[in-house]
Amino acid sequence: KAGVTQTPRYLIKTRGQQVTLSCSPISGHRSVSWYQQTPGQGLQFLFEYFSETQRNKGNFPGRFSGRQFSNSRSEMNVSTLELGDSALYLCASSPGTVNEKLFFGSGTQLSVL
Amino acid sequence: GESVGLHLPTLSVQEGDNSIINCAYSNSASDYFIWYKQESGKGPQFIIDIRSNMDKRQGQRVTVLLNKTVKHLSLQIAATQPGDSAVYFCAENRGGSYIPTFGRGTSLIVHP
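These protein sequence lines map, in sequence, to chains P and V. In terms of this note's numbering, the numbers along the first sequence are unbroken and rise by one, the last being 113. In terms of this note's numbering, the numbers along the second sequence are unbroken and rise by one, the last being 112.
The following block holds chain V by itself, in its conformation from the complex (with noise of 0.2 Å):
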């Protein structure tokens, strides 16, 4: 079935490195895409979102690029820091839908 996937499910990097983490979705009819991080213990928090008319969304320290072409998804973490540490997931919403599907998750390790 439809599904929205990640490539790698953990990711080690050092501290002051940019994290890229990678989703793929196959639904066209996707408009609404969110990244969550979920540290242990904890429940998903949200990060970033970016809708369909957009390709590219900033917020601190993170970015989201959208291409629709290939239907991919990434989040992207500038200078990542010991407490950025988690599983991050992706979600879409398929046109008029409320309730998002996720993604497995990938799970981010830094090194200090």
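Excised from the complex, chain P in its bound form (with noise of 0.2 Å):
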């Protein structure tokens, strides 16, 4: 099975921009969660979405925004970006039952100049 793939791997912006990231999870995997990953601050929980459902939210604002579609794909988008939304955004697959292992992807490597 192919793995989970983001896209793209690096991303430059300069503040005020808004991006969107994608993330294809494993073949059958209904679950996607989107991770910020920083060194102070380690994995952060974005959002999780199951069946084209926002399921679980963390405690972002509402700048960061995702959805996803019937086929398991996931985008997350972020608006009006600021210097501290630099990090790598990490992508992650699963079944979607309880107590499930993640299967992360490699990550989008964001910079807001």
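Please note that a few of the clues may not be correct.
Stated by the list, open to error - In silico DSSO-like pairs for lysine-lysine, Cα to Cα no more than 30 Å straight-line:
no., chain 1, residue 1, chain 2, residue 2
1, P, Lys13, V, Lys71
2, V, Lys68, V, Lys56
3, V, Lys71, P, Lys101
4, V, Lys56, V, Lys42
Unchecked claim - Some but not every residue of chain P turned toward chain V, in silico, with C-beta under 10 Å:
no., residue
5, Ala2
6, Ser33
7, Gln41
8, Leu43
9, Phe50
10, Glu52
11, Arg55
12, Gly62
13, Thr97
14, Val98
15, Leu102
16, Phe103
17, Ser106
18, Leu110
Hints in this document: simulated from the structure, not taken from any laboratory. Every residue gets a Cβ at the ideal spot worked out from N, C-alpha and C, and that includes glycine.
Take each chain as given, in its own frame, and dock them per the hints.
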């Protein structure tokens, strides 16, 4: 099976712009989660989608949003970028049941200038 | 607030030594625990997991120990190799949760 694929691998944006990141989960996985990783804060949970519905949400401002398509692919969007949004954004997929391990992509490294 | 934490941010060992990475958790309702390994430039990869009805689980060169009395989790790596150099995260699932909470990570450095 192909692993979790995230595109693009790197992004450079300027403050105030918006960005869309894409994630293709492992075939058959219905849950997609997004995490922000920074050196100072570790892995911070953004949100989780299951069967096209947001099932769980972390403590991030409304500038961070996401969606999931019928084929389980997911996108996340960050509007009005701030310097502090510079981070590695990781997507993870799982079958979507309780107590399942996550399978992570390699992430999108976002730099906001 | 409740969190999953690690005692040591960096652990340096010699190749061939055994490594032990520790993790403390605070929620007694957590019933599923996972260790992930993150190498530079990659996302975290699953290493081993353990459910709360067990206190030990072994994999290839790795062992996870769970002490529910003191809410402590450890990852033991036998005969550590340079390829084991990475950041290791513990994570806990709180009863019935779909989303794990991650610890801050421990950097393991293996010297040849």
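Verification of the hints:
no.: 1; hint: Lys13/P / Lys71/V; verdict: violated (43 Å)
no.: 2; hint: Lys68/V / Lys56/V; verdict: holds (11 Å)
no.: 3; hint: Lys71/V / Lys101/P; verdict: holds (20 Å)
no.: 4; hint: Lys56/V / Lys42/V; verdict: holds (28 Å)
no.: 5; hint: Ala2; verdict: violated (14 Å)
no.: 6; hint: Ser33; verdict: holds (7 Å)
no.: 7; hint: Gln41; verdict: holds (8 Å)
no.: 8; hint: Leu43; verdict: holds (4 Å)
no.: 9; hint: Phe50; verdict: holds (8 Å)
no.: 10; hint: Glu52; verdict: violated (15 Å)
no.: 11; hint: Arg55; verdict: holds (7 Å)
no.: 12; hint: Gly62; verdict: violated (19 Å)
no.: 13; hint: Thr97; verdict: holds (8 Å)
no.: 14; hint: Val98; verdict: holds (6 Å)
no.: 15; hint: Leu102; verdict: holds (7 Å)
no.: 16; hint: Phe103; verdict: holds (7 Å)
no.: 17; hint: Ser106; verdict: holds (5 Å)
no.: 18; hint: Leu110; verdict: violated (15 Å)
The structure does not agree with the numbered hints 1, 5, 10, 12 and 18 stated previously, though it agrees with the rest.
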